[in-house]
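Visitor: What follows is the residue order along each chain.
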Amino acid sequence: MNLHEYQAKELLRAAGVPIPPGEVATTPEQAEAIAARYGSAVMVKAQVHAGGRGKAGGVKFCPTPAVAREKAQAILGMTIKELTVEKVLVTVAADIGSEAYVGIIVDRASKKPVFMVSAAGGIDIEEVAASTPEKILYLPVDTRYGLLPFQAMRMGFFLYKDVKLARQAAKIMQQLYAAFMSAGCSLAEINPLVMTPQGDLIAVDGKMVIDDNELDRRPEIAALRDESSEAPSEVDARNSSLTFIKLDGNVGCVVNGAGLAMATMDLVKYYGGEPANFLDIGGSSNPEKVVNALRIITADPNVKCILFNIFGGITRTDDVANGIVTATKANPLKVPIVIRLTGTNEEIAVKILQENGFSASNDMDAAVQRAVALATGGAA
Amino acid sequence: MSIFIDKGTKLVVQGITGRDGSFHAKQMVEYGTQVVAGVTPGKGGQHFEGTVPIFDTVHDAVQATGANTSVIYVPPMFAADAIMEAAAAGVQLIVCITEGVPVLDMTRVYPFVKESGARLIGPNCPGLITPGASKVGIIPGRICAPGPVGVVSRSGTLTYEVVNALTKAGIGQSTCVGIGGDPINGTNFIDCLAAFEKDPATTAVAMMGEIGGTDEQEAADFVKRHMTKPVVGFIAGQTAPPGRRMGHAGAIISGSAGTAAEKIEAFKAAGMGVAQRPVDFVELIRARLG
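Order-wise, the sequence lines are chains A and B.
Taking our numbering, I'd label the letters of the first sequence as residues 1 to 380.
Taking our numbering, I'd label the letters of the second sequence as residues 1 to 290.
You may find that some hints are simply not true.
Listed below are the simulated DSSO-like cross-link pairs for lysine-lysine, each with C-alpha atoms no more than 30 Å apart in a straight line [said to hold, decoys possible]:
| no. | chain 1 | residue 1 | chain 2 | residue 2 |
| --- | --- | --- | --- | --- |
| 1 | B | K43 | B | K26 |
| 2 | A | K351 | B | K43 |
| 3 | A | K207 | A | K269 |
| 4 | A | K269 | B | K268 |
| 5 | A | K269 | B | K168 |
| 6 | B | K268 | A | K351 |
| 7 | A | K171 | A | K135 |
| 8 | B | K7 | B | K26 |
| 9 | B | K268 | B | K168 |
| 10 | A | K246 | A | K329 |
| 11 | A | K207 | A | K60 |
| 12 | A | K55 | A | K269 |
These are computed hints drawn from the structure, not numbers from a lab.
Since this is a predicted model, take the numbers as computed values, not measurements.
Between the sequences and the hints, there should be enough to build the whole structure, so can you do that?
Guide: Have a look at this one:
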């Protein structure tokens, strides 16, 4: 789960990280009022789950409250990477001496959270990593011991020669690490970490991504989810315990298991079609999940054909068949459906489907080819 | 022969009285796995299905029964502790089926298990099966048959798809291992490939990877340098959009690291066979069995 910048900054501030004052506005008038209250130049920053906000014109410097109002007017409602901006963060503009990058990401290779720090901050760290990798220090942390003081100091000295600044930076590393662990992050970054001309370090932008698996035990973090910033179909799916990602094609896919779901999408493409979604109904099936899956898929007007691909292990194929029958009785389908199922209770499932006027196959390739043909024919 | 489990596997089931644990414990007993103990705190002294003794702790179960392998079906927030409990009790092979284990928990579990000398498979995996000898986890026994092909995969149902196709074509398996789709797991492709290379019963390997990370590229490099047995690979997620998590937490493409195209290139460079579709494994493996 992605947090907005203002949310990440609140968590970082609570951990002690020095951050310029800021507040969220949803109207130009609010933005003006906040800027007037601060009595200094502000930045107005679009709050959307997308990188490259600055390049898209979603981050503006505003010397006066009137300009803040004008810029907020322009930014609110604009679209960045298909996401509409509903909120802006109005924050005191910092005097910038130099900019550094500090981030933590869970690294698959070392199986640890790894700090990445670089004096070349303010820009895309992936560009730094690609062009000048020697400018980045990587430091893995053993979570059983936490970030050790000497490790934090090493990073501090990597960024700043002056011992006072290095100590300030080391403290911020500890605070960032504490926030990362307590929020259950898979990524947390401060970019840029700014040194002001007065020699103070402040975090001017912050980003956090939460491991979805942490949310059950961190209700206060789960409550930060901003459903208005996500596709409604994905919100609906999550509330039905389904994993769903909307894509641009026209073959709606319902599959059990993430790997098979991806392989099914690939096969749709292999036979010349385009998948409309990724949808995993998960391991243990119940008819209700199938009903929800069909509701979500049929809500997409692009879908010209629905493809079920079920390999019954834990999932009982008769549960899936019952779900299809229940769902289509309540809401008759307007597009053709192709059902492939095999495995646990396959014979019962096929009988249920046949009694209700559906046919089913147990061959994945044949089913995908048929679904692609129906989707293409329907679109023509 | 086989890898990791065989007729000598003596299994303790952690979470044996839970919904999933009890269902799959029965299935494993029916398959012929030696299920020697179960663990559910507070139910020590009872018996599962009237036969399998239940203990309060893994320590007690190992002391009383000599269990050498554990399978875990506890809820995600308790899985990390369950894995470490098994490792501390001296269990040699720990298979964690549980899905949804927080990755930061795994950053503590992984070094703990490593230092104990045990092997962890998973979490978020279907477990493993040595057809005709032993099954630990949830892979359906009836789709497998004994034979010469080692199978290793990051996925569950995709593995079933391929194994089923092989069995139907008359090609059996030595051992099938699902290593799980999480970013941090106990056993990787290379661990399994190395074990298959050493296993006299295995003559070819089928490997199913996914987008995300670089495990498959490293596995391809291992195949090139260290394997004499033929390996056929497949990558799921060729059509996945960048930056989105596809169900498996590991299946995410960030930047250029971990795309399907990169992985398939690595397979080809290592001289591996590349299955375009799951069903292609049948002919590619058959051609390599000689």
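Visitor: Hint by hint, note whether the structure agrees.
Guide: Tested hints:
no., hint, verdict
1, B/K43 / B/K26, "18 Å, holds"
2, A/K351 / B/K43, "41 Å, violated"
3, A/K207 / A/K269, "35 Å, violated"
4, A/K269 / B/K268, "21 Å, holds"
5, A/K269 / B/K168, "26 Å, holds"
6, B/K268 / A/K351, "44 Å, violated"
7, A/K171 / A/K135, "21 Å, holds"
8, B/K7 / B/K26, "17 Å, holds"
9, B/K268 / B/K168, "27 Å, holds"
10, A/K246 / A/K329, "25 Å, holds"
11, A/K207 / A/K60, "18 Å, holds"
12, A/K55 / A/K269, "33 Å, violated"
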